[in-house]
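Sequence lines, in order, name chains A and B.
Numbered by our numbering, the letters in the first sequence go through residues 1 to 177 in order.
Numbered by our numbering, the letters in the second sequence go through residues 1 to 215 in order.
Watch out, some of these pointers could steer you wrong.
[Unchecked claim] Lysine to aspartate or glutamate pairs mimicking EDC-like chemistry, simulated, CA-CA at most 16 angstroms apart:
id : chain 1 : residue 1 : chain 2 : residue 2
1  : A       : Lys60     : B       : Asp14
2  : B       : Lys214    : A       : Glu53
3  : A       : Lys170    : A       : Glu122
4  : B       : Lys153    : A       : Glu17
5  : B       : Lys19     : A       : Glu122
6  : B       : Lys19     : A       : Glu53
[Claimed, not checked] Covered by chain B, per the in silico footprint, the following chain A stretches (three or more residues, Cβ under 8 angstroms):
id : segment
7  : 77–89
8  : 129–135
9  : 146–158
Source of the hints: derived by calculation from the structure; they are not laboratory data.
Given the structure is predicted, the values throughout are model-derived calculations rather than measurements.
We treat Cβ as the ideally placed atom computed from N, Cα and C, and that holds for glycine.
So the chains spell out like this:
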Amino acid sequence: MLDKYNESTALFRSGLEGNREDYARFLTAITPLLKRVVGRRLAACDVEDVTQEILISIHKARHTYDGLRPLMPWLTSIAKFRMSDHLRKYYAQMQHQTVDIHELEEILPHVTQDGDSDEYIEELLDGVPENHKRILTLMHVQGYTAKEVGVQMKMKESAVKVAAHRAMKKIREKFEK
Amino acid sequence: MKDTQTLINYLSGDAVLPKALRSPQYWVIRLLAVLVAYGVAAQLYLGLRPDLDVQLTRPLFVVEIGLLVALLLTSVLASVLAMYPDAYQKPKLLRLPYVVFLVLMILVTFQIFIPLDGRMVMPLPGGHAIECALCIGAGALIPSALIFALLRKGASVHPLAAGSFAVLAATSLGCLTLRLAETNDSMMHLASWHYLPTLLFTILGAYIGQYLLKW
C-alpha cells in the first residue's frame, strides 16, 4: 500500500516536472481509488461524471502542490470538495424541481378511480403472512425505509429486511408457477 | 472507462506546465508587507490620537490593540493557507481568526460592564457613529481586492471561509488604524460601529468568496 502511495507521489512529481507519460500513469493509477471514494458517497450513476470532475480539478490545482508534503491529503481535499459541490448542485436542482398540479389533472382522476392496481397488489400478496404483507405494503407501496418499518412494527431493521425478502421470494415463486 | 481514459490522455497532453505556487511563508510575508505599508499610509493620513501614550499605560487598551494585531496576522495567515486545497496541511490554523475575533468581542463586551477607567475618553453626545463603519469599509476595499486577487491564484476548497478571511484581514487593519487614531474609548461605540460592521463585512466577504473563488 505504502509502495503504491510512494509510486503515485513519485509519478505526480515527475508529471509536474513535465513528464507527460508519468502524469498519465498517475491519473490512471488514482482513478480507481477516486471511483471507490466517490462510490461510497454518491449514487452509482454519478460516479463516472464526478470522478472526471475530480480529475479535471486535480489538473487545474496541480500548481498548488509543491511536492514537499504528503500527496493524499491534498488529493482527498480536492475530491471531497468536488463531491460536496456536486451534492450542493444536486440538492439545489431538486429544490427547484416542481410539478405543476395542472399537469396531473388528467392523471389524478384515473389513479383514484381505477381500482385495478390495488386489486392486482392484493392478488399478489394473497397467501403471504399478514405481518409480511404489512411490511411489503409499508416499504414498497407507502415508501417507508426498513428502519422506519422496524420502528413501527417494533422489529429490528435486519428482521424487517429478512421478512421483506422472504415475502418477495414467495411472490416470485407464485409468479413462476 | 473509455471516457475517463480519453480525459486522462487529454489532461496529460496539456502542454502548459504549471508554475508552482510559492510557499505560504513567502505569501504571508509579501501580503503582510503590502498591508503594513497600506496601514502606515492610512495612519499617516488619519494621524495618531493625542493621548496614545496615556492609553498605552492602560492594560485593556494594550490587550485590545494586541488582539487586533493578532486578528490581522491570523487572518492573513488563514487567507494564504486557504489558497491551497489542503490548507498546506494545517487546517486547524483556519479557525484561528474566528477564535481571535471571538476573544476580541468578549473583551469589548467585558469592558462595557466594568467601571470606567479614568484614562478612557468618552465621546460627547451626538458625536460621529456610522462614519467609523464607513471609514473601515472604505479603507478595506483595496486590501480586500488585493487578497481576493491573491486567493484566486490558488485553488481554495473553502471559498466561503477564504472570502471571510480576506475581508477580515482588511477590516482588522482598518479597525487597528482607526483605534489608534480616534479619541473615543466608548465600548458601545466600538462594538456598534467598529466591530459589528467588521462582522457584517466579514459575512459579506464570505458571500462574495463563494462566487469570486470558484474554480
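Against the structure, the hints come out as follows:
1. Among the hinted pairs, Lys60 of chain A with Asp14 of chain B is consistent with the structure: their alpha-carbon atoms are about 11 angstroms apart, no more than 16 angstroms.
2. A threshold of 16 angstroms between alpha carbons decides the hint, and for Lys214 of chain B with Glu53 of chain A the separation of about 14 angstroms falls inside it, so the pair holds.
3. The suggested pairing of Lys170 of chain A with Glu122 of chain A holds, with an alpha-carbon distance near 14 angstroms, which does not exceed 16 angstroms.
4. As the CA atoms of Lys153 of chain B and Glu17 of chain A are separated by approximately 20 angstroms, the hinted pair breaks the 16 angstroms bound.
5. For the hint pairing Lys19 of chain B with Glu122 of chain A, the CA-to-CA distance comes to about 69 angstroms; that exceeds 16 angstroms, so the pair is violated.
6. Straight-line distance between C-alpha atoms of Lys19 of chain B and Glu53 of chain A comes to about 22 angstroms, which puts the hinted pair past the 16 angstroms bound.
7. Residue count for the segment 77–89 of chain A with a Cβ under 8 angstroms from a Cβ of chain B: 4. That meets the three needed, and the coverage hint holds.
8. Given as covered by chain B, the segment 129–135 of chain A fails the check, having 0 residues with a CB less than 8 angstroms from a CB of that chain where 3 are the minimum.
9. Beta-carbon proximity to chain B at under 8 angstroms applies to 0 residues in the segment 146–158 of chain A; the threshold of 3 is not reached and the given coverage is violated.
When the structure is compared with the earlier hints, violations turn up for hints 4, 5, 6, 8 and 9 and for no others.
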